[in-house]
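From first to last, the protein sequence lines are chains A and B. Its first residue numbered 1, the first sequence is counted upward by one per residue in my numbering. Its first residue numbered 1, the second sequence is counted upward by one per residue in my numbering.
In case anyone wonders, no lab produced these hints; they're calculated from the structure. Nothing here was measured: the structure is a model prediction, and the numbers come from that model. Beta carbons are placed, not taken as given, at the ideal position from N, Cα and C, and that holds for glycine. Among these hints, one or two may not hold up.
Claimed, not checked - In silico negatives: residues of chain B with every beta carbon more than 10 Å from chain A:
| # | residue |
| --- | --- |
| 1 | L20 |
| 2 | R83 |
| 3 | I128 |
What the hints assert, rightly or not - If the Cβ cut is set under 10 Å, some of the chain B residues that face chain A in the computed set are:
| # | residue |
| --- | --- |
| 4 | Y42 |
| 5 | L53 |
| 6 | V57 |
| 7 | A60 |
| 8 | S67 |
| 9 | G74 |
| 10 | L80 |
| 11 | I93 |
| 12 | K141 |
| 13 | W144 |
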Amino acid sequence: MSKKNPIVILSLYLVISIIILSFNLNPTVKAMRDFLFYIVVTPYSKVNYTVSSVGNLGANIKEMVNSHQEVLELKNQNQKLLHDLVKLKTLEIENKRLTELLGYKRNINRKTVIARIIAKPPQQYYKSLLIDKGSEDGLSDNRAVFGFYKGKFGVVGQLTNVEKNVSMVLTITNRISKVPARIVSCAVDGIVIGKETSELEMIWIPADSEIKIGDEVVTSSASDIFPSGIPIGIIVSINRTGHLPFVKASIKPHIPAFQLTDVFIE
Amino acid sequence: MKKFLFYFTSIVIIIFLEILFSKFSVFGIFFIIFIGLYRGSYSGCTVGFFIGLIEGVFFATTFGALSFSYSIIGYLSGRLPKRIDEENPLAQISIIFFGVVISDSINIIIEVLFTGIPGIFSIIWLIIPVIISPVFFLIFKKWWMLWFNRLDVER
């Protein structure tokens, strides 16, 4: 088997080849081939995939930038739509409010000015409100202020400190407020004063009057500011203490001033 | 040892290239003929046998047919008369062409003999590789010179 005798080595190779052919190793070789292809081709395909991915890097970056741009545009659009939505909601509320006010004004049958409550300072709860109308709108001090709440019309207070464009409303719940009133059921007069709570107090009610809980209290004709017969509230309790010839009654006002958005000024 | 490493590395690279370009699996036979032409019958048939064996694992329908035909091609290319100029591109193309034809013919005969199913003989796919075979010879020469100082014809 020397290098000088290639015929010998060729014969050996041919014999080996014939032996291999005789044994028909094809099924074994096929299994080995599948395994080897898996070993060789899998890393190659991975490398190929990586190379093609790198090749697509430019396109991917471009797509990413475009997507980012699109996202920004959509965000802006979304912001604008949200803004429009808020605006629409506000307009819807405004529309509802104006429709309600129109309805109330028809019911009142009085010549009134509608004003919007622009401030309800917490420290002034049950004391005063600020409205957006003033002397320029023809308002002046000591004008009666009414409200409409859940289908009921009633007294809110009176105007004080009328400025050019804004005015202060002294509510009937304020301690310094005194409104001449009448209990409708027995035509007894008294004075409704504020307690700076959610209730009012009616004083100077004759002790022998036949008042009872649930009686309606309205403004009396003794008032220079309020027209007579405007509802104030209903009696919720009667206080008959002492030996005085008068009793006191607690009144729940019809109009909770601090839940209103608008008032009517006569 | 260096020669063994050279042949081992070359065979690995050739098999890898044949897997990558399986449509043109001619690198093996080109290398066998190149080795046969420059290094003689012994080296030619040895390289042919091993390349045939490994290619058989990856590509052959009948395992053992390629090692048989490639051994003969390697031997025959080393037995070509010395008057044939192996540096001549036309001679290279002719030798490669006949080498491929003979190898495929032997394969078909063996497959008929051992399996009864004749293989497909198609030279069309091999025309372009055969025409550019001088380029492969140049590459093989450079590859050899990368390992060894000189390439003496031992035919």
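Against the structure, the hints:
1. L20: For B:L20, whose nearest Cβ neighbour in chain A is about 7 Å away, the distance does not exceed 10 Å, so it is violated.
2. R83: holds, 20 Å
3. I128: holds, 24 Å
4. Y42: holds, 4 Å
5. L53: Check passed: Cβ of B:L53 comes within 8 Å of chain A, closer than 10 Å.
6. V57: Hint on B:V57: holds, closest Cβ of chain A at ~6 Å, below 10 Å.
7. A60: Holds, because the Cβ-Cβ distance from B:A60 to chain A comes to roughly 8 Å (cut-off 10 Å).
8. S67: At 5 Å from the nearest chain A Cβ, B:S67 passes the 10 Å test, so the hint holds.
9. G74: Given a least distance of 8 Å, the restraint on B:G74 holds.
10. L80: Violated: closest Cβ of chain A sits about 13 Å from B:L80, beyond 10 Å.
11. I93: violated, 25 Å
12. K141: Violated, about 22 Å.
13. W144: Violated, about 18 Å.
Hint compliance for this structure: hints 1, 10, 11, 12 and 13 are broken, all remaining hints hold.
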